[in-house]
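Once you've looked at the hints, dock chains B and C against the given chain A.
If you read the protein sequences in the order shown, they are chains A, B and C. For the first sequence, the working numbering begins at 1 and goes up steadily by one. For the second sequence, the working numbering begins at 1001 and goes up steadily by one. For the third sequence, the working numbering begins at 2001 and goes up steadily by one.
Keep in mind the hints are simulated off the structure, nothing from the lab. For each residue, glycine too, the CB sits at the ideal point set by N, CA and C. Possibly wrong hints are sitting among the right ones.
[Stated by the list, open to error] Calculated lysine-lysine pairs in the DSS-like style (CA-CA distance at most 27 Å, straight line): (1) Lys2050/C x Lys2137/C; (2) Lys1123/B x Lys34/A; (3) Lys2080/C x Lys44/A; (4) Lys2095/C x Lys85/A; (5) Lys2095/C x Lys55/A; (6) Lys1265/B x Lys1234/B; (7) Lys2080/C x Lys1286/B; (8) Lys34/A x Lys2080/C; (9) Lys34/A x Lys44/A; (10) Lys1286/B x Lys2060/C; (11) Lys2063/C x Lys1286/B; (12) Lys2178/C x Lys2028/C.
[Stated by the list, open to error] Listed next, the stretches of chain C that the computed footprint assigns to chain A, with coverage defined by at least 3 CB atoms under 8 Å from CB atoms of chain A: (13) 2050–2060; (14) 2081–2094; (15) 2139–2152.
[Stated by the list, open to error] Beyond 10 Å from chain A on every Cβ pair, some chain C residues (computed): (16) Gly2103; (17) Val2177; (18) Ala2217.
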Amino acid sequence: MAQQDQGSLLAMIVDADTATGLLLTGVGQVDLRKRANFLIVDDKTSQAKIEEAFKEFTTREDIAVVLINQVIAGMIRHLLDGYNKPVPAILEIPSKDAPYDPSQDSVLQRVRFMFGES
Amino acid sequence: MCLFNVKDGFLEAVVRGYKLGLLTTADYNNLCQCETLEDIKLYLTGTDYGPFLANEPSPMHTTTLVDCCTRKLVADWRYLRENAGEPLGRFLDYCTYGHMIDNVVLIVTGTLHERDVQELLEKCNPLGMFDAIASLAVAQNMRDLYRLVLVDTPLAPYFSDNLTSEDLDEMNIEVMRNTLYKAYLDDFAAFVHRVGGTTAGVMSELLSFEADRRALNITLNSIGTELTRDDRRKLYANFGLLYPHGQAELAVAEDFDQIRTAMEKCQPYQSIFSRLGLGETQMLDKILYEEEVRQLINTYEQQFHYGVFYAYMRLREQEIRNIMWIAECVAQDQKNRVQDGIVFTF
Amino acid sequence: MSTQNRYTVTPTVSVLAVMKARLAGATKGHSLLKKKADALNMRFRQILKKIVETKEEMGKVMKASFFSLAQARYATGDFKHTVFDSVDQATFKVKASQDNVAGVRLPKFEGVKEGADSKLGLIGLGTGGKQIQECRKSFMTAVDLLVELASLQTAFLTLDEAIKTTNRRVNALEHVVKPRLENTIAYIKGELDELEREEFFRLKKVQGNKKKHAEAAEALEAARAGHKGGAAAAPAARENEAANVLATELQDADIIF
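For reference, chain A alone in the conformation it holds in the complex (with noise of 0.2 Å):
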């Protein structure tokens, strides 16, 4: 990581609601080019928009860890089945209109797959 003395940063793709809280503890970052590390995911957002987001922010070297909400990601679940670098690291967390559901998150299918396999 080139940033690591200065600490890198959590990325979000999450929707509006999930963004107020997050935002609310200071994770956001706009960066002097208006480059920001979070995606507001609305009704309106194209799934071509969601992919473009998850892919600069797997690539971008400041950022440690991806925040998706687990309806988004269901969109752009052959990306993330396809991902599986360690850094950073993906996160699917729940909505507000979606309680989580384990036996959706594609790192617990693995998990899952691991125990049963073991």
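Same frame as chain A, now just chains B and C:
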């Protein structure tokens, strides 16, 4: 007094009719029994909100629900405004200036962050819309904004009297919002005074409460922040039951107990605080809302005054808050908390 | 003995010694790697268990946070745009450090708060600021948990990878390198045996020849002894010498056997 009915009697009748459409305790009890947002929608379709909800597609979200309910209030309000003569028209406008301040602040901050104007406009509170609002976005900095746009709005004096151009650039947006709000409350109070009669009596009571509540909230929320005592003092409105001695005490208060001592010196608030357990700040909001609702309902006890219009708007807003709360509780499966947020109106 | 599954070496004693050393090395490496794999596996299990637990907890914490968000919205009205617009520099960042498990470096994240967030401190000043701060606290715990979860998850993926490579190595040593070394050693031994037998046979032949020569010489001597008794001492000494050489040869062969 005799001429009131000639000019405003019709609208007063209308607004009293609207008031009857507000949800009752029985309605709330039924709403609390709902299991899903669809149930809530179904139930609300049977109330005054019906026409506004009927065409909403499933699945429902709490935000859409609240939007629909707001539309009802806005439609009512427009009707009142269109049919109002003077000075009722001015009075109705005054009621919405608060929302206007919020909208201006929203647009201004949005513009400074280069957001899409159209998007911002959609998010404005429809009650606080004014003609020139879209052009707010043309301004690139605060000074332009004032020079080009705000001078034409009813808010212009609030800006020019209270904010210097340096303030516009540097001031924290929340401080600015509250400075404007203070100016607005002062102005509103002066206005109802000019209207005189029963209106002045009823409204000054309501506005005093509003002013005191804001003073209390500002104090409570600024403890431990960088807001200095002097700055805090500047945000209090220049009237209200606490003015001036209570405010002086509030201005120097450093924790909740000091605020409490300051507030309890004022008779009406003593009873409010006595309902609060020690150290229980969580419930304060709700108790204040309840007190407000009580006062608002009292305005309907008298006739021939404008307070009923203000009260109607406030009650509707409280009702929308209640609906939102119920909807959130239902949506998030927290039904045991549902009673915590509802302020029963009738 | 298949000729494919061994190294191509010249079957000599020194190569044999080298191979034996390599086999010993491979065995040692195998047992060490096996231990490493076990250690990693143990850690892996721990992490798996923790991930499942934390994920569930995260679900609960997030739920509570969203509820506090609803509370804040109830008290304040819609404040999300104020929040969105006051985003500037991140005050909450993630510091990455490393944890060492049996030589595998696991990235570990830690949330760090930097500086005061002045802009959000005053949010909801007029109404409901308290609730917003409550909501913020609630989300703070959620974010902390998320960061922890992130480091667990990264550890999970890294360990998964590390365990795979370690297992590959263990298997490679066990099923490829070790058998091959063993085969090579067996092959060299076989070859050396072969050489030995040839050598022995050769020596036998030499001995036989020598015996023949000696007998011939003796017969000649016996015949000549009739003529000249004094000359008998010298051939006897020569025969002794030959027997000595044979003896040393035999001794050497013994060492090899």
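Outcome of the hint check:
A threshold of 27 Å between alpha carbons decides the hint, and for Lys2050/C with Lys2137/C the separation of about 24 Å falls inside it, so the pair holds. For the given pair, Lys1123/B sits about 22 Å from Lys34/A by alpha-carbon distance, which is consistent with the 27 Å threshold. For the hint pairing Lys2080/C with Lys44/A, the CA-to-CA distance comes to about 18 Å; that is within 27 Å, so the pair holds. Between the alpha carbons of Lys2095/C and Lys85/A the distance comes to roughly 18 Å, so the proposed pair stays at or under 27 Å and holds.
Taking the CA atoms of Lys2095/C and Lys55/A, the gap is near 22 Å; set against the 27 Å cutoff, the hint holds. Using a Cα cut-off of 27 Å, the hinted pair Lys1265/B and Lys1234/B holds, with the two alpha carbons roughly 21 Å apart. For the suggested pair Lys2080/C and Lys1286/B, the alpha carbons sit about 21 Å apart, so the restraint of at most 27 Å is met. A threshold of 27 Å between alpha carbons decides the hint, and for Lys34/A with Lys2080/C the separation of about 19 Å falls inside it, so the pair holds.
Straight-line distance between C-alpha atoms of Lys34/A and Lys44/A comes to about 21 Å, which keeps the hinted pair within the 27 Å bound. The straight-line distance between the Cα atoms of Lys1286/B and Lys2060/C is roughly 26 Å, inside the 27 Å bound, and the hint therefore holds. This hinted pair checks out: Lys2063/C and Lys1286/B have alpha carbons roughly 22 Å apart, not beyond 27 Å. Note on Lys2178/C and Lys2028/C: the hinted pairing holds, with a Cα-Cα distance of about 11 Å set against a maximum of 27 Å.
Evaluation of the coverage hint for the region 2050–2060 of chain C: fulfilled, as 6 residues show C-beta separations to chain A shorter than 8 Å, against a requirement of three. Interface restraint, the region 2081–2094 of chain C with chain A: holds (10 residues with C-beta to C-beta distance below 8 Å; minimum three). By the rule of at least three residues with a Cβ nearer than 8 Å to a Cβ of chain A, the coverage given for the region 2139–2152 of chain C holds, with 9 such residues. Every beta carbon of chain A lies more than 10 Å from that of Gly2103/C, the smallest distance being close to 16 Å; the non-interface claim holds.
In this structure Val2177/C is separated from chain A by more than 10 Å, as the shortest Cβ-Cβ distance comes to about 26 Å. Against chain A, the non-interface label of Ala2217/C holds: every CB pair exceeds 10 Å, the least being about 81 Å.
In the structure shown, no violation is registered for any of the earlier numbered hints.
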